[in-house]
Amino acid sequence: MQLYSDKVMDHFSNPRNVGVIEDADGTGEVGNPICGDVMKITIKVDDDKIDDIMFQTLGCGAAIATSSIVTEMARGMSLEDAVSITKKQVAEELGGLPPAKMHCSVLATDGLKAAVDDYLVKQGREPIAGPILSSDPDFDPHEDEESDAEACDL
Amino acid sequence: MDHIVYLDYAATTPVDERVLDAMMPFLRERYGNANSLYALGRDAYKAMEDARERVAASIGASHPSEVIFTSGGTESDNTALIGLATGGGRSSGHIIVSAFEHHAVLEPAEWLGKHGFDVTELGPRPDGLIHAEDLKAAMREDTVLVSVMHGNNEIGTIQPIRELADVAHAGGAVFHTDAAQTLGKVNFNVDELGVDAASFSSHKIYGPKGFGALYLRKGTRMAPYMMGGGQESRRRSGTQNTAGAAGFARALEIMDAERPAETPRLTALRDRLVEGVLDRLELTSLNAAETEARLPHIANFIIKGVEGEAMLLHLDAKGIAISTGSACSSGSLKPSHVLLAIGCPQEFAHGSLRVSLGRYTTEEDIDFFVESLVPVVERLRSMSPLYAKIKAAHEAG
Chain A
238 MQLYSDKVMD HFSNPRNVGV IEDADGTGEV GNPICGDVMK ITIKVDDDKI DDIMFQTLGC
298 GAAIATSSIV TEMARGMSLE DAVSITKKQV AEELGGLPPA KMHCSVLATD GLKAAVDDYL
358 VKQGREPIAG PILSSDPDFD PHEDEESDAE ACDL
Chain B
21 MDHIVYLDYA ATTPVDERVL DAMMPFLRER YGNANSLYAL GRDAYKAMED ARERVAASIG
81 ASHPSEVIFT SGGTESDNTA LIGLATGGGR SSGHIIVSAF EHHAVLEPAE WLGKHGFDVT
141 ELGPRPDGLI HAEDLKAAMR EDTVLVSVMH GNNEIGTIQP IRELADVAHA GGAVFHTDAA
201 QTLGKVNFNV DELGVDAASF SSHKIYGPKG FGALYLRKGT RMAPYMMGGG QESRRRSGTQ
261 NTAGAAGFAR ALEIMDAERP AETPRLTALR DRLVEGVLDR LELTSLNAAE TEARLPHIAN
321 FIIKGVEGEA MLLHLDAKGI AISTGSACSS GSLKPSHVLL AIGCPQEFAH GSLRVSLGRY
381 TTEEDIDFFV ESLVPVVERL RSMSPLYAKI KAAHEAG
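Listed in order, the protein sequences are those of chains A and B.
If you're matching positions, the first sequence starts at 238 in this note's numbering and goes up one per residue.
If you're matching positions, the second sequence starts at 21 in this note's numbering and goes up one per residue.
It is possible that part of the hints are untrue.
As the list claims (entries may be wrong) - In the EDC-like style, the derived pairs of lysine to aspartate or glutamate whose C-alpha atoms are separated by at most 20 angstroms in a straight line are:
#1 B/Lys-229 with B/Asp-41
#2 B/Lys-411 with A/Glu-266
#3 B/Lys-409 with A/Glu-317
#4 B/Lys-354 with B/Glu-141
#5 A/Lys-244 with B/Asp-336
#6 A/Lys-281 with A/Glu-317
#7 B/Lys-156 with B/Glu-127
#8 A/Lys-286 with A/Glu-259
#9 B/Lys-338 with B/Glu-384
#10 A/Lys-281 with A/Asp-260
#11 B/Lys-238 with B/Glu-212
#12 B/Lys-409 with A/Glu-259
#13 B/Lys-134 with B/Asp-162
#14 B/Lys-338 with A/Glu-266
#15 B/Lys-338 with A/Asp-247
#16 B/Lys-156 with B/Asp-186
#17 A/Lys-359 with A/Asp-283
#18 B/Lys-354 with B/Glu-127
As the list claims (entries may be wrong) - Below, a sample of chain A positions facing chain B; criterion: calculated Cβ distance under 8 angstroms:
#19 Phe-249
#20 Ile-271
#21 Val-275
#22 Lys-277
#23 Gln-293
#24 Thr-294
#25 Leu-295
#26 Gly-296
#27 Cys-297
#28 Pro-368
Said to hold, decoys possible - Here are the computed distance ranges between Cβ atoms for each label pair:
#29 A/Glu-329 with B/Gly-250: 28 to 38 angstroms
#30 A/Glu-329 with B/Ser-111: 43 to 53 angstroms
#31 B/Arg-110 with A/Gly-367: 50 to 60 angstroms
#32 A/Pro-336 with B/Ser-112: 34 to 44 angstroms
#33 A/Ser-321 with B/His-414: 35 to 45 angstroms
#34 A/Ile-271 with B/Ala-190: 34 to 44 angstroms
#35 B/Arg-182 with A/Asn-251: 52 to 62 angstroms
#36 B/Lys-156 with A/Ile-271: 31 to 41 angstroms
#37 B/Lys-411 with A/Glu-329: 32 to 42 angstroms
These aren't lab readings, by the way, just hints derived from the structure by calculation.
All values reported here derive from a predicted model rather than from experimental measurement.
Idealized CB from N, CA, C, for every residue including glycine.
For reference, chain B alone in the conformation it holds in the complex (with noise of 0.2 angstroms):
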């Protein structure tokens, strides 16, 4: 394939080389299972327990077996809301949810309501952020967990945990964060966020696919989800992926090495796009553009007038790769639930663009995105029957 101009790292990212050489001897030579009493079998073992303490001491774990390696951000969000909400046998309760976390927390939730639970999906308010009055409302006698996410992965606002956290817990709730998207993007540390669980993904960090965490803070009951060998103390069964434990601990370590200079370049390159998008294009919006507590990498834009997919497939034939959150692109007749949950209209939220930037990123490609989506955008709004009237509309007040 020629030049990519790869601008969707909330999507997934690419293993970074150096991460890719720690999973190696895992996949070759050190192919044991961890799980064997034999030097091979050891070998594996140490190199994750290796791992886990590597991952512990970056999240601020109080000890290495509050990590449990999964397959992923979707098997630790779906272990975390469905084995916490049924921990010690219990069939019944309140359980809250935002509504604009990812699929994989919203999906779970959506089977504990159909099997016994009452579920709550709060909503966060226009600036993208709920609000710890607004979960101390939605709280119960019986709500039992909570879980909202760090970092959203669609507009990049990040949650206030700490005092999440603390509601739930003065109403004798756990509480759940899934931070597939800000694990080693921003300071991650369990203690000071007081979280009980939290989700992690490999490779939103340039590690692989299909490997993740979860963190289950010590004496926090939680059924098994993935039920067989009794691997991870019985808590996820299934052979370990060795060169997936490596290669995530790795690429955490890396992250919080770059990070203090990784973060000033992400986020000057950020408003260098933003800057240039709304600069450049009239009708544009920043998606929850008033609030400050956001990720360095995601912008997400409002263009009125023009439906997402089409946008992205031109772009692509540019050699750009960017998302959107129209219903055209999910297969669904909704466009972004995300979106919907912060209050854009629907007929504005087809037209929106998530654009994530990463360790490739470069000014040059931040400009050549926007000197490609300008032309873009104009020729769709050229091309729609509603774009006079909106703008219409628009000059009218």
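Chain A extracted, bound-state conformation (with noise of 0.2 angstroms):
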């Protein structure tokens, strides 16, 4: 078994900002209820930065501890930075995840760029965040993994 580091334990027992903003400027919901994970969030958004956010997350503890460090990390951020939040940093920020939930930092670098398009489109604006992998359906989340289980095929 993987063990998670102490700082996605503090995310998960005692998740940072999690809710919903009533009167939200912008709204991502991504993830996919078969797959075990889904995520929203909502900005208030104050001269194109980020003033507040909140984060509702159905998953596992990496979900819920990636959801939450994201929503710190993008706060006081202008869109532009928050969009450039990678899946490695979000990780880092964490102390590292297991590789079987590196994908859970997608989802919620995924459900932020997701919030801000929305706010964007909202606003008659280009969206700036480029494509939502979650959300393809060809997405695979282990992709990238790295695994001692490839050598050794049936």
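Take each chain as given, in its own frame, and dock them per the hints.
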């Protein structure tokens, strides 16, 4: 069994910014209940900066922890900086994630991207986030994992 | 570690003190190799054969040599699947395994499928049972082996092994059952069940890990899986684990002796658990609830709108050990193959919780678990972006 870092456990046990902003400027909902992970991010935007951010997540420990940390990272950021947060940065901020859980950090960055684009589109502006990976039906969350099992083919 | 409320006895069990006492001499002064001719070796050999006789007596084998000692349930299953399929030099034929077998059966079946054999994975019905008529329909002229587990390790349903074995035999196939979860917990007799081979695991019955056995009915052809020094009448090479054998035999004796009192005790605890969970939590159900033939110590719940690993971690923080069938706990994308096989929708299978009870479980443990689970589920549901929708959909019917 792969272990979670203390920081992952902290954000899982005491998640920050849980909830929904009722009069949100942008909303992003990503993931799929079939896969077991769904995340919703709501943001308030002021002067193209993320003024407030909250999340709701259905998912495992890593999904909740990455959601929580990404809201902390993005708060106060410019929209441009927020959409360029990478899954690697999210994982690093948490002190690392087990390889099988790296895809959870994609969900977190995707949720943020979707919320920012939702805001921009509602403003009549061009979206800036680029493709939302986890909404692509061909997305394989495990594609860039390193696995010792690969060499073992029945 | 602080006090742990251990509710994962289907995963493993602690070694019983009485079992440990039976093992210790063979880890210390009686350390001989059972294959050596001098006194120390003969002593180990006698102890091992004594253990074999006791296991054989418990399962109703007609001769002790029908019991082959192995390194555990996985080795027994692998040996049975590959050894029975390829016995007598066979290199092709049809094999049927149930779709909710342990992976120790499914993986060797898949391997056989890539090495000349045709494999059918027979699905259980939503009641968590493999039905004899479904097996009958899946049988072919060239079916050589059927393997269906006795008690399912996740949902606890007990399969109608006698009927299934009769179907297999009528079609000329040998029948194997993985009895890792049932040995010692329900009556297990090879003749009453009509099986040709059966796998057992020691650490599920308060014996040591790394030990198990394979029952092989006399006259059944099986190629060896572990090859080398020719131990276990050439059917399983490798220096025998004398301490393991002594421990396993003792563990099984204790199970048999205590079963008349233990089964009703566990059943009452399980019913208290099921009632408590279903009473206290909305949108929660027991898997395969309608089936009466079930193990006394396993209950598997679907708790809608939560993910299993998150529940597991929160319960762990309160000192409770349980299992989940969620994908996130398995390292794969799919949730439990057992739950999917009985028709549980994927999105709900992620919210499954398996609670399994055992020798040291008390009423207080059950109550503490239920009291702890309720706020965990409520908290996770309040964090879920979907729960309000799931509840509304449920209320709308």
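A quick look at each hint next to the structure:
{"no.": "1", "hint": "B/Lys-229 with B/Asp-41", "in the structure": "holds (15 angstroms)"}
{"no.": "2", "hint": "B/Lys-411 with A/Glu-266", "in the structure": "holds (19 angstroms)"}
{"no.": "3", "hint": "B/Lys-409 with A/Glu-317", "in the structure": "violated (32 angstroms)"}
{"no.": "4", "hint": "B/Lys-354 with B/Glu-141", "in the structure": "holds (17 angstroms)"}
{"no.": "5", "hint": "A/Lys-244 with B/Asp-336", "in the structure": "holds (17 angstroms)"}
{"no.": "6", "hint": "A/Lys-281 with A/Glu-317", "in the structure": "holds (15 angstroms)"}
{"no.": "7", "hint": "B/Lys-156 with B/Glu-127", "in the structure": "violated (23 angstroms)"}
{"no.": "8", "hint": "A/Lys-286 with A/Glu-259", "in the structure": "holds (18 angstroms)"}
{"no.": "9", "hint": "B/Lys-338 with B/Glu-384", "in the structure": "holds (14 angstroms)"}
{"no.": "10", "hint": "A/Lys-281 with A/Asp-260", "in the structure": "holds (8 angstroms)"}
{"no.": "11", "hint": "B/Lys-238 with B/Glu-212", "in the structure": "holds (16 angstroms)"}
{"no.": "12", "hint": "B/Lys-409 with A/Glu-259", "in the structure": "holds (17 angstroms)"}
{"no.": "13", "hint": "B/Lys-134 with B/Asp-162", "in the structure": "holds (17 angstroms)"}
{"no.": "14", "hint": "B/Lys-338 with A/Glu-266", "in the structure": "violated (31 angstroms)"}
{"no.": "15", "hint": "B/Lys-338 with A/Asp-247", "in the structure": "holds (15 angstroms)"}
{"no.": "16", "hint": "B/Lys-156 with B/Asp-186", "in the structure": "holds (10 angstroms)"}
{"no.": "17", "hint": "A/Lys-359 with A/Asp-283", "in the structure": "holds (14 angstroms)"}
{"no.": "18", "hint": "B/Lys-354 with B/Glu-127", "in the structure": "holds (16 angstroms)"}
{"no.": "19", "hint": "Phe-249", "in the structure": "holds (6 angstroms)"}
{"no.": "20", "hint": "Ile-271", "in the structure": "holds (5 angstroms)"}
{"no.": "21", "hint": "Val-275", "in the structure": "holds (6 angstroms)"}
{"no.": "22", "hint": "Lys-277", "in the structure": "holds (4 angstroms)"}
{"no.": "23", "hint": "Gln-293", "in the structure": "holds (4 angstroms)"}
{"no.": "24", "hint": "Thr-294", "in the structure": "holds (6 angstroms)"}
{"no.": "25", "hint": "Leu-295", "in the structure": "holds (4 angstroms)"}
{"no.": "26", "hint": "Gly-296", "in the structure": "holds (5 angstroms)"}
{"no.": "27", "hint": "Cys-297", "in the structure": "holds (3 angstroms)"}
{"no.": "28", "hint": "Pro-368", "in the structure": "violated (20 angstroms)"}
{"no.": "29", "hint": "A/Glu-329 with B/Gly-250: 28 to 38 angstroms", "in the structure": "violated (55 angstroms)"}
{"no.": "30", "hint": "A/Glu-329 with B/Ser-111: 43 to 53 angstroms", "in the structure": "holds (52 angstroms)"}
{"no.": "31", "hint": "B/Arg-110 with A/Gly-367: 50 to 60 angstroms", "in the structure": "holds (56 angstroms)"}
{"no.": "32", "hint": "A/Pro-336 with B/Ser-112: 34 to 44 angstroms", "in the structure": "holds (39 angstroms)"}
{"no.": "33", "hint": "A/Ser-321 with B/His-414: 35 to 45 angstroms", "in the structure": "holds (40 angstroms)"}
{"no.": "34", "hint": "A/Ile-271 with B/Ala-190: 34 to 44 angstroms", "in the structure": "holds (40 angstroms)"}
{"no.": "35", "hint": "B/Arg-182 with A/Asn-251: 52 to 62 angstroms", "in the structure": "holds (54 angstroms)"}
{"no.": "36", "hint": "B/Lys-156 with A/Ile-271: 31 to 41 angstroms", "in the structure": "holds (34 angstroms)"}
{"no.": "37", "hint": "B/Lys-411 with A/Glu-329: 32 to 42 angstroms", "in the structure": "holds (37 angstroms)"}
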